[in-house]
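Going down the list, the protein sequences come from chains A and B.
Counted the way the working numbering counts, the first sequence spans residues 1 to 450.
Counted the way the working numbering counts, the second sequence spans residues 1001 to 1478.
No lab work stands behind these hints, which were simulated from the structure alone.
Where a beta carbon is used, it is the ideal one built from N, C-alpha and C, also for glycine.
One or more hints might be untrue.
Unchecked claim - Computed cross-link-like contacts, DSSO-like style, restricted to lysine-lysine with a CA-CA straight-line distance of at most 27 Å:
hint: 1; chain 1: A; residue 1: Lys20; chain 2: B; residue 2: Lys1133
hint: 2; chain 1: B; residue 1: Lys1273; chain 2: A; residue 2: Lys208
hint: 3; chain 1: B; residue 1: Lys1281; chain 2: B; residue 2: Lys1031
hint: 4; chain 1: B; residue 1: Lys1469; chain 2: A; residue 2: Lys131
hint: 5; chain 1: A; residue 1: Lys225; chain 2: B; residue 2: Lys1281
hint: 6; chain 1: A; residue 1: Lys126; chain 2: B; residue 2: Lys1281
hint: 7; chain 1: A; residue 1: Lys208; chain 2: A; residue 2: Lys126
hint: 8; chain 1: A; residue 1: Lys208; chain 2: B; residue 2: Lys1452
hint: 9; chain 1: B; residue 1: Lys1281; chain 2: A; residue 2: Lys338
hint: 10; chain 1: B; residue 1: Lys1133; chain 2: B; residue 2: Lys1031
hint: 11; chain 1: A; residue 1: Lys126; chain 2: B; residue 2: Lys1273
hint: 12; chain 1: A; residue 1: Lys20; chain 2: A; residue 2: Lys225
hint: 13; chain 1: A; residue 1: Lys258; chain 2: B; residue 2: Lys1452
hint: 14; chain 1: A; residue 1: Lys338; chain 2: A; residue 2: Lys258
hint: 15; chain 1: B; residue 1: Lys1469; chain 2: A; residue 2: Lys225
hint: 16; chain 1: A; residue 1: Lys131; chain 2: B; residue 2: Lys1452
Unchecked claim - Negatives, chain B to chain A, calculated, CB over 12 Å:
hint: 17; residue: Arg1045
hint: 18; residue: Ser1127
hint: 19; residue: Asp1441
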Amino acid sequence: MSDFESELQRIADAVIAQAKPGEQLEAYVSRDSETDIRVYEGEIEHFVSAQSEGIGIRVIREGRTGFAYAGTLDDRAIAEVLAEARDNVEFGTPDEWAGLAEPDGVDVVRQELWSDVLAGFATDRKIELTKELERLAVAADSRVRIDDANYSDVAAENAVATTSGIRRSGRENGCYVSVSTLADDGDETQTGFGFSVGRSPEEFDLAKAAQEAADRATRLLGATKPSSRRLTVVLDPFVTAQFLGIISSTLNGESVIKGRSLFKDRIGEQVASPLFTLVDDPTNPLAYTATELDGEGLAARRNVLVEGGVLQGFVHNSYSARRAHTVSTGNAVRGGFKGTPGVGSLALQVQPGTRSQAELVSGISDGVLVQQVSGLHSGVNPISGDFSTGASGLLITNGQLGAPVREFTIASTLQRMLLDLIEVGGDVDWLPMRAAGVSLVIGDMTMSGA
Amino acid sequence: MGPDGTRAALGRLPEMIDQDVLTRVLGTAVKSGADFAEVFAEDKRSTSAGLDDGRIEQVTSGRDRGAGIRVVKGDTTGFAHTADLSEAGLLAAAVSAAAAASQGGGGVREVALTRRAGTQVNTVERSPDEVPKAAKVELLRRIDDAARSAGASIVQVSAGYGDSRRRILVANTEGVLAEDEQVRCLVRMSVVANGDAGMQTGFQSAGQTVGFEMFDSVDVEELARDAARMAITKLSARPAPSGSVPVVIKRGSGGVLFHEACGHGLEADLVAKGASVYRNKAGELVASPLVTLVDDGTMSTEWGAIGIDDEGHPSQYNVLIHDGVLTDYMWDYLRARKEHRAQSGNGRRQSYMHLPMVRMTNTYVLNGTEEPDEIVRATESGVYVAKLGGGSVNTATGDFVFGMTEAYLIENGEITEPLREGNLIGNGPQVLRDIDLLGNDFAMGNPGTCGKDGQGVPVGDGQPTLRVKTMTIGGTAA
């Protein structure tokens, strides 16, 4: 749906038509509408129906960049935004690499990102399935209480136009349900969550979401603090996806050119176990973050970052690419109309192995299955690679899953963890994140507990 | 403050929404029989600038303006928002929020609005929108220069400046009409040093609820040199140990721990759902008797200071834990109404596009009596945390994790070697009970953004130097 003549495209076109000689302009316009329903104990706790729209304008002149935005699309506000962005240009440092993306001839991989079923889905049915999810989670285990059950959907439309010849628009919608649970046993309380995502509510698996929420809350009841030692660690798919988010920041072209990546100058080197192949592929329709366009309006594309443990390359937007004397990999990311495009991975995936998680566990004599991490971002130094994260999960003894453990940390460096990878599972999970999950077995990590 | 309770600064600005329009919009919102309706309008202008790699990357100007309309019927809240502040735009949002809250019919209610005064927390001398952008950018240049001249090992500096001027107006069917103007300025920086064993990063930031006069008293070069010092010190750091040890937390560097590990559990909305370890604990000893914990929205220029909360209630000084005993939770309108008690000025929201909920403002532990040096001397061996990084907490269990961005070993009662990154993990209620020494050197910490349910609001925290008997350090040392 990238070329339909939308109202937003006309607004973006009208802005760039005002470019003065020697001035590059980019207008990014978006409009979202969302519904949020929260249910608690069978009643609607809140119902939010919201529309928002806005425009961000980037101006580049003589190598200087200025930017402004407003959360409205009325003509006077747009004129004010353009004037502010022009004024802001004065204060930027001239930068020989500053500039907008230019059409690069890469074709858009068409995807089905819009669901008419969701667009026409009745409100009372959305409420009913949120209540159903709450009922299912309570029924899943007698020790489970509900914190809240939620339904959310969003429909987003955007358009970008630049004086360098980019002119693209698109729209997409999607929805998810989630439930937060509490489980009690005497004085002890543990928490859990479950969710299900879809292009439309017809794709939801409410029973699975409810069961996961109940399992997550109950499985840690009675958990103790393990003794400190070095051992084999299995990362649950959900945990792997969070680690991939951290690893992707080190493969970010902008971090690399600014000297902030531990992988700088290491292309072609063996940086990970030969079992590790990492791909960023937003053209894979299974990925939750599949998309046709990047944040600058270039076609989203498949990029291999690590193959057989050998570092292949970094992701770039047009600015970081120019500075690194390469071309954009279609990895401009944009957090809506309020910001300029940054650089980031769009849809990461580790090439899976073949064995199930149970099979991976069966070969481990002393280990831990990490099912949840906390404070991962705060505990990682993406420059040095040192990390330490709070964790909880199940001990593994002689190939069997055993007692639940919590309030411990696992630590290593990202470099060592990638080299210490001894197996990738076959259990790919397409999570609502920028990375897919899969079980990973790490040969040697430090667990700190009692 | 003016005679009618409004702030002088507001007098210069045009009315956001006419009072008669507000009355009609609220009337429409409750027409179908709702118990309560509220208009929250916001007009926020912001400026930010970033420096990285020696360049001023860009200056950004932003404008966010709109209104959120909340309608409550029974236990159900309906909410809609609009960027259109005309009467037609507001009426449309009111109809939509009312429909969301209710399907039934009802009568018409008259609403009489009374202008209500907020707490005057500070005065703004130099509104950031009257300050030339060049002066803002100049701050970043000075940070870059100061950090780079701090040592040959400094290889990278990034810095950010931000200011915002946020006008809010709240009117509701209980007759409240209140306005506030919240002005904030902030700088933050990160400095990378390169050594034989790789790169290390140091951070600093400062933010206040004041105008640009903040930089008359805050020396940005001093902050930059401190961030550089931290990065350089860590070059020679050894991996942090693992295991349970006594931990001394420097003044003003660990308030975030009390915010996360205790403060969230004292928010009445989490308590009501049984999602807090502090439910049913009012009147009980929940902390070491040394501990008095306060949430204080009136705290002058601090980052979490507000005149009114985002439900129109004046900010307050609230004692949460007194001498170790849990005295009260924090409240917003809905939770207070349900419990038939007063609000506490803690109903906050990120913007007009969000529903308010119970949030902290400035949360801190009051002074004890110990000399900070004595606390270290009394510690045979342990870890001294000079700066805590971000973290997260599970409010239902109290379990938390925080990164240590600057930490040292304590050996024989002295601070010795610097440590590399590691995590501090523990349980909030347990840590509160395990505080065995509390200093007399109270300080507030860095400005923070507290995230809850996807919404971020500015908050402050603080504490004197203190010791926790035992906490778990998760380091990378073998």
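To see whether the hints hold, each was checked on the structure:
no. : hint                       : result
1   : Lys20(A) with Lys1133(B)   : holds, 23 Å
2   : Lys1273(B) with Lys208(A)  : holds, 24 Å
3   : Lys1281(B) with Lys1031(B) : violated, 40 Å
4   : Lys1469(B) with Lys131(A)  : violated, 46 Å
5   : Lys225(A) with Lys1281(B)  : holds, 25 Å
6   : Lys126(A) with Lys1281(B)  : violated, 37 Å
7   : Lys208(A) with Lys126(A)   : holds, 18 Å
8   : Lys208(A) with Lys1452(B)  : holds, 26 Å
9   : Lys1281(B) with Lys338(A)  : violated, 43 Å
10  : Lys1133(B) with Lys1031(B) : violated, 48 Å
11  : Lys126(A) with Lys1273(B)  : holds, 23 Å
12  : Lys20(A) with Lys225(A)    : violated, 66 Å
13  : Lys258(A) with Lys1452(B)  : violated, 32 Å
14  : Lys338(A) with Lys258(A)   : holds, 24 Å
15  : Lys1469(B) with Lys225(A)  : holds, 18 Å
16  : Lys131(A) with Lys1452(B)  : holds, 23 Å
17  : Arg1045                    : violated, 10 Å
18  : Ser1127                    : holds, 17 Å
19  : Asp1441                    : holds, 25 Å
Of the numbered hints given earlier, the model fails hints 3, 4, 6, 9, 10, 12, 13 and 17; all others are met.
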